[in-house]
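Chains as they are written, first to last, in my numbering: chain A, 1 to 625; chain B, 1 to 302.
Bear in mind the hints are in silico, worked out from the structure with no lab data behind them.
Since this is a predicted model, take the numbers as computed values, not measurements.
Ideal Cβ positions, reconstructed from N, Cα and C, are used throughout, including at glycine.
Warning: the hint list may mix true and false statements.
[Claimed, not checked] Covered stretches of chain A (in silico footprint by chain B; criterion: 3 or more residues with CB under 8 Å from a CB of chain B, positions within the stretch not fixed):
hint, stretch
1, 14 to 25
2, 46 to 53
[Stated by the list, open to error] Covered, in the sense of this in silico footprint (three residues per stretch, anywhere, with C-beta under 8 Å from a C-beta of chain A), are these stretches of chain B:
hint, stretch
3, 4 to 15
4, 31 to 38
5, 191 to 198
6, 224 to 237
7, 251 to 262
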Amino acid sequence: MPDLQIKATINGRKVARSAKPHQRLLDFLRDDLNLTGNKEGCGAGECGTCSVFVDGVLMKSCLLPVAKAQGTAIETVEGLARGGELSVLQKAFHKAGASQCGYCIPGMVMAATAALRANPFADREEIKERLGGNICRCTGYQKIFDAVELARDVQNGRLPATALSEQEHAEGDFIGKNVRRIDAPSKVSGKLRYAGDMIMPGMLHVQVLRSPHAHARILSIDTSAAEAMDGVEGVITCTDVPGEDGFGVFVHDQPVMARGKVRYVGEAVAAVAAEDPVTARRAVAAIKVVYELLPAVFDAEEAMRSGAPVLHDYAPDNITKHIPIRVGDVEAGFAAADLVLEENYSTQAIEHAYLEPEAGLAYVDHDGVVTVVSPSQNITHHRHMLAKIIAKPISKVSFIMSPVGGGFGGKEDMIYQGMLALLAMKTDRPVRLVFTREESMASTAKRHPSRTTLRMGFTREGRILASHLTMICDGGAYGLSTEGVMRKAAILGAGPYAIPNVRVDTYGIYTNNTPSGAFRSFGALQTQFATESTLDMAAERLGLDPFVIRRINAFQDGGTTHTKQRLGKVSLTRVLDALEQGSGWEQGVPAVRGGARSDLGRSDVRPAVSLGARFAAHDKQEAAE
Amino acid sequence: MLICDEYITPDTLSDAFAAMERHRGRYRVVAGCTDTLPWAREGRAGDVEIPVLIDVSKIPELSERRVDGAHVRLGAATPVQRFLDDAVLGRTMPAMPRCAVWFADDQIRAHATVGGNIVNASPAADLTPCLIAHEAAVELATANGRRSLALREFTLGPGKTALQDGELVTAVVCDALPGYGGSFEKVGHRRSLVISTVCLAVLVKLDAAGRVFEDVRLAIAGVCPVPRRLTEIEQALRGVRLSSAKLEEVADMPLDVVQSRTRQEYRRDVVRGFLMRGLINAAKRAGADPTALPQDFETTYA
């Protein structure tokens, strides 16, 4: 295996080092040169967290074999802040509040730098287009575009350099003010280290064997070939768990690695710690598992029928959680109603797709404390669960929360921290696991897919008399946050409206799909989608403006919710007012909009999606000729 | 993960052929690598171990591009971004800049190559419809000689080409079409980094008055196993006056092009809209008489 001898100039310094022929430029920068401002968000050229300049041209370093760097001059995000002073663009990102989780930000800063180098006068549309190869999941992009426009104007002298300074505000006066995020400089400079960027001396690399089957009994696991490989330091399966093997946010129904059977495709079955990731991957491939396939169920309603495959012995009906709420008499409400609408709604699974794939590092410290560093959104609970799993007193278990490169609820579950702890204990060396994007997609929680049937009764004037909602959610193979999501869905599902008669049933169901878990809005989305959609349909049938029907029913100060919560001040009406004004709402029943919209073509209305902003000047010139 | 024991970057074609001969049966030729690296990942090929990778992108001949009378010769390793920053290519291949701007993103275009796009033979390849509208011929070389094959015959099906063992794509030779107006219409699930659900390349030449179609070339991709020309419509427009009635007539011609596995009805609607929009845009860029089409017609479709 002839190594490559790479000679290149990196951030102005000459580098001459050998590299493995299969390494990508990204690996070389991160693993060999410790330039971890270059992130790996996807490894497939889709996200732009790894963008670097190669001879002045921006490229994605995950798509470049390191051999392509031979003889080139490379500039990474670490090279932008010369002498430690942030570049104009980096300062503008700080000023505009353009960094949130920060994981996409080094790549964004690089793409923005490239955009303004290509056209120092690029308008917002062209900036959007030139940043098209970089993905952000937190900001909604607007603050990023604001930052690039701000930098452009400062660079071109249209704005003074002071435009980059913090806005003055009185001590303690923050609302509505431009307040600096104190962590932004570490993010715009690429200096902040996420778990996957951290290294420890003697650290091993972890890879996980995952189930190819949705539902199967494990007859045997043979790890002998993997253990015999050079460079493999530890292999674990469920037999390595010394304590009570179970975790979950509400019910501890998930083993650290599959125990007895697998319940979804992607479930962890075994894990390997080795001297390098390639050896770890080869070792994982050498583990032999014999499965006996079991009938599987992939639909929540089918899973509720008698005779359906059962996932967990403790729940023979496959119900993870049922939340019922009863207020008044819905049938009496429907009988008194002038209009009754009934509709079915469904929503799909959604992946959080935070730019930082799951990663973690674990070690046993000098006092025997098992320490796990990971972007966990729930470290205290993880610590308590892990203590039981590894049968140690809580004082011998420590969790450190690394910067979270986007979570949105998806990092609440202790999916991999248990394996890390066990491998650190077994090998007595630090271990690190970094998920691939595909692994993250396949094995971690999703938003609950749902089916909702909603019946609502209204008076002629638009007042809601009754709401009867039944939602069935696919919770997937393990409980995770399902119970909480069902509660929230039931509590918030009827909407912020005073309704005298309410009947709600939400069900979280076990299936052999990827587990569902926490995701922003936590159940409210699914049920409120049904309620709000029905309100729009009712508005149309009753000849009311959608804002009007909501104001008629809105909770008022001092009201009581259908779960008997007393409300102090209610801001809903003010929110509706602001929304109506801010959106340029055209008043009337919903049916007046659509093709007849008078706002299409107005300067503040977004045109249809297209590309080619960079041709605009060219087209004008052609037209003039 | 793509694992190799050796990564060779030859400087000359003869070195490349020598390496191919030396490692026969154990190598894969790469150029931009923008398809190869994502291919070797979970969900697609998984971990792939290829003993030798031969990177042909540094061979000077493969990056040459020149206009040779009636033809444009593109070295196979020409990065796609050149269609956006080389004015000569923009002038002689007028739909190409519009196509390139929709191709992946600026960063991937910087090293994704023309040759790679056609060898990859995706049914949704963005460059291929443009190239076949230029009557592109693929130049194939071995250590012993060269042959040329029309791109339409080179592309056999999804992922399948006429490339033989030991052969390299060295160049693509296209009709130079200065004076044509070009457009490229594409839709996918988002703007950048997106695989075409439908894409359409349009090249139009009008008479001096900007009223009569002298030549029309249309090619579509994303809806059939290999990109194809829409010759029926091309023929119906050649020599005909530009008018809204004629455009509507050809857009409504019954075409049996949509063979996709999914969303056929949607794609048929898009094809109709793209034909209208693409022909209007290309005609305008070809210098159409501004009075040839009613204003509201343009606002509706283009």
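Against the structure, the hints come out as follows:
no.: 1; hint: 14 to 25; result: holds (count 3)
no.: 2; hint: 46 to 53; result: holds (count 3)
no.: 3; hint: 4 to 15; result: holds (count 5)
no.: 4; hint: 31 to 38; result: holds (count 5)
no.: 5; hint: 191 to 198; result: holds (count 3)
no.: 6; hint: 224 to 237; result: violated (count 0)
no.: 7; hint: 251 to 262; result: violated (count 0)
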